[in-house]
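A.B. asks: Going by this note's numbering, the letters in the sequence shown line up with residues 83 to 373, in that order.
Derived from the structure by calculation, the hints contain no laboratory data.
Hints may be right or wrong, so weigh each one.
Taking lysine to aspartate or glutamate pairs in the DMTMM-like style, the calculated list, with each CA pair at most 25 angstroms apart, reads [as the list claims (entries may be wrong)]:
| # | residue 1 | residue 2 |
| --- | --- | --- |
| 1 | LYS218 | ASP339 |
| 2 | LYS172 | GLU151 |
| 3 | LYS221 | GLU158 |
| 4 | LYS217 | GLU182 |
| 5 | LYS218 | GLU162 |
| 6 | LYS218 | GLU321 |
| 7 | LYS218 | ASP251 |
| 8 | LYS278 | GLU177 |
| 9 | LYS218 | GLU239 |
| 10 | LYS278 | GLU192 |
| 11 | LYS173 | ASP222 |
| 12 | LYS297 | GLU345 |
| 13 | LYS218 | GLU158 |
| 14 | LYS173 | GLU162 |
| 15 | LYS217 | ASP350 |
| 16 | LYS221 | ASP351 |
| 17 | LYS173 | GLU321 |
| 18 | LYS217 | ASP259 |
| 19 | LYS221 | GLU321 |
| 20 | LYS172 | GLU182 |
| 21 | LYS218 | ASP259 |
| 22 | LYS172 | ASP350 |
| 23 | LYS218 | GLU191 |
| 24 | LYS278 | ASP350 |
| 25 | LYS218 | GLU182 |
| 26 | LYS217 | GLU236 |
| 27 | LYS218 | ASP344 |
| 28 | LYS221 | GLU340 |
| 29 | LYS217 | GLU158 |
| 30 | LYS217 | GLU345 |
| 31 | LYS173 | GLU240 |
| 32 | LYS172 | GLU192 |
| 33 | LYS297 | GLU321 |
| 34 | LYS173 | GLU239 |
| 35 | LYS217 | ASP251 |
| 36 | LYS173 | GLU151 |
| 37 | LYS218 | ASP350 |
| 38 | LYS218 | GLU180 |
| 39 | LYS172 | GLU162 |
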Amino acid sequence: MEDCGLGRVQCAYVLVVGILAAPPYSPDGGGKADEAKEPKDEAKEKDQPLPSEVTSSPPFHLRDLTLEEVPSSLPEPQNEADRMAEQILKKGHIEPEEVESLLGLLPMEEASERKGGGTMFATGAFRRGGLVGIKKNLKDFPWVSFLGACILRESREEPSFTSWVILIDVRTLIHTDANNEVRSLNYVTPLSSFEKGGIWVETSGGGVARQHKGKTLWGRVLDMSRPSSFSAHGRHGTEAWSGRRIMLIGYTIRGWDELASDELQMLDDTLGSKYCHCTGGGTVARKRPAE
Numbered sequence: 083m084e085d086c087g088l089g090r091v092q093c094a095y096v097l098v099v100g101i102l103a104a105p106p107y108s109p110d111g112g113g114k115a116d117e118a119k120e121p122k123d124e125a126k127e128k129d130q131p132l133p134s135e136v137t138s139s140p141p142f143h144l145r146d147l148t149l150e151e152v153p154s155s156l157p158e159p160q161n162e163a164d165r166m167a168e169q170i171l172k173k174g175h176i177e178p179e180e181v182e183s184l185l186g187l188l189p190m191e192e193a194s195e196r197k198g199g200g201t202m203f204a205t206g207a208f209r210r211g212g213l214v215g216i217k218k219n220l221k222d223f224p225w226v227s228f229l230g231a232c233i234l235r236e237s238r239e240e241p242s243f244t245s246w247v248i249l250i251d252v253r254t255l256i257h258t259d260a261n262n263e264v265r266s267l268n269y270v271t272p273l274s275s276f277e278k279g280g281i282w283v284e285t286s287g288g289g290v291a292r293q294h295k296g297k298t299l300w301g302r303v304l305d306m307s308r309p310s311s312f313s314a315h316g317r318h319g320t321e322a323w324s325g326r327r328i329m330l331i332g333y334t335i336r337g338w339d340e341l342a343s344d345e346l347q348m349l350d351d352t353l354g355s356k357y358c359h360c361t362g363g364g365t366v367a368r369k370r371p372a373e
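Start from the sequences, fold in the hints, and give me the full structure.
C.D. replies: So, in structure tokens, the structure goes:
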């Protein structure tokens with residue numbers, strides 16, 4: 083032992099005290115034991131995207147989908163849109179031109195400025211602030227609601243959703259879907275042909291950069307010539323396109339299990355979870371325990 087200037091005995095004492103006072107070894111290199119770690123920075127945590135499960139199906143043609151059998155739970159059609167949806171379902175397939183005709187019979191809404199304009203039609207369950215409920219369109223257009231759910235189910239394997247929306251020429255800015263269930267997916271199916279118009283999705287290791295609120299984000303662009311899915315709580319936005327862009331998107335609202343039992347039953351009957359061979363894990367993601 084080298085002399086530290088205090089004498090050998092004093093040097094040994096200082097060395098032992100120093101070892102005992104040092105923080106315990108942490109295998110993650112943090113310099114502190116796990117129980118002594120500082121609280122996590124929640125702001126930084128929120129700024130990080132949730133793991134994004136991104137999938138793409140093979141290219142498909144809408145007319146090639148085989149639609150499900152019509153369930154007996156649907157009431158008699160009360161309007162032209164539902165009567166047309168009934169005819170489409172009974173013949174078992176849909177033509178692209180029928181999509182345009184059907185949309186012309188529906189009460190379309192103007193999309194918000196955040197969505198970049200365009201029009202939309204939504205059905206199923208909704209969440210607005212702390213309120214959850216059933217959209218009027220689900221009650222007024224049960225056959226149309228079932229038809230949209232059929233298309234979503236037939237274009238991929240076992241999607242899970244409480245609601246769907248058709249967006250016509252809507253370009254959303256980069257955002258997250260805060261009113262959707264955490265860890266849920268958005269299921270996107272094209273209903274028309276157009277050029278470009280993919281969806282940019284933030285992903286780890288992505289090679290496509292986008293600017294958002296002064297930051298550079300990295301992700302990938304999903305090809306909208308085929309059905310795709312991605313995390314609702316990951317950041318995403320619409321790319322520019324040419325042509326008429328019609329998209330069908332299935333999603334799950336946050337707090338869907340707060341719906342009344344009769345509302346959950348209406349979702350089952352109208353969106354058709356009992357008819358997609360995945361009760362308990364299909365259209366309505368999972369049923370809350372019986373009260």
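A.B. asks: With reference to the structure, classify each hint as holding or not holding.
C.D. replies: A quick look at each hint next to the structure:
1. LYS218 to ASP339: holds (19 angstroms)
2. LYS172 to GLU151: holds (7 angstroms)
3. LYS221 to GLU158: Satisfied, since the Cα-Cα distance of roughly 12 angstroms is no more than 25 angstroms.
4. LYS217 to GLU182: With a Cα-Cα distance of about 22 angstroms, the restraint between LYS217 and GLU182 holds, given a limit of 25 angstroms.
5. LYS218 to GLU162: holds (17 angstroms)
6. LYS218 to GLU321: Violated, at about 31 angstroms.
7. LYS218 to ASP251: holds (23 angstroms)
8. LYS278 to GLU177: holds (22 angstroms)
9. LYS218 to GLU239: violated (28 angstroms)
10. LYS278 to GLU192: holds (23 angstroms)
11. LYS173 to ASP222: holds (22 angstroms)
12. LYS297 to GLU345: Outside the cut-off at roughly 42 angstroms; violated.
13. LYS218 to GLU158: holds (17 angstroms)
14. LYS173 to GLU162: holds (17 angstroms)
15. LYS217 to ASP350: holds (14 angstroms)
16. LYS221 to ASP351: holds (11 angstroms)
17. LYS173 to GLU321: violated (35 angstroms)
18. LYS217 to ASP259: Judged against 25 angstroms, a Cα distance of about 18 angstroms means the pair holds.
19. LYS221 to GLU321: violated (33 angstroms)
20. LYS172 to GLU182: Within the cut-off at roughly 19 angstroms; holds.
21. LYS218 to ASP259: Within the cut-off at roughly 21 angstroms; holds.
22. LYS172 to ASP350: holds (20 angstroms)
23. LYS218 to GLU191: holds (13 angstroms)
24. LYS278 to ASP350: violated (35 angstroms)
25. LYS218 to GLU182: Holds. LYS218 to GLU182 sits at ~22 angstroms (cutoff 25 angstroms).
26. LYS217 to GLU236: holds (23 angstroms)
27. LYS218 to ASP344: holds (15 angstroms)
28. LYS221 to GLU340: holds (19 angstroms)
29. LYS217 to GLU158: Measuring from Cα to Cα gives roughly 19 angstroms; hence the hint holds.
30. LYS217 to GLU345: Holds, because 10 angstroms separates the two Cα atoms, which is no more than 25 angstroms.
31. LYS173 to GLU240: The given pair, whose Cα atoms are some 23 angstroms apart, holds under the 25 angstroms limit.
32. LYS172 to GLU192: violated (31 angstroms)
33. LYS297 to GLU321: Holds, because 18 angstroms separates the two Cα atoms, which is no more than 25 angstroms.
34. LYS173 to GLU239: Distance ~22 angstroms between LYS173 and GLU239 Cα, so the pair holds.
35. LYS217 to ASP251: holds (22 angstroms)
36. LYS173 to GLU151: holds (9 angstroms)
37. LYS218 to ASP350: It holds: about 16 angstroms lies between the C-alpha atoms, which stays within 25 angstroms.
38. LYS218 to GLU180: holds (23 angstroms)
39. LYS172 to GLU162: holds (15 angstroms)
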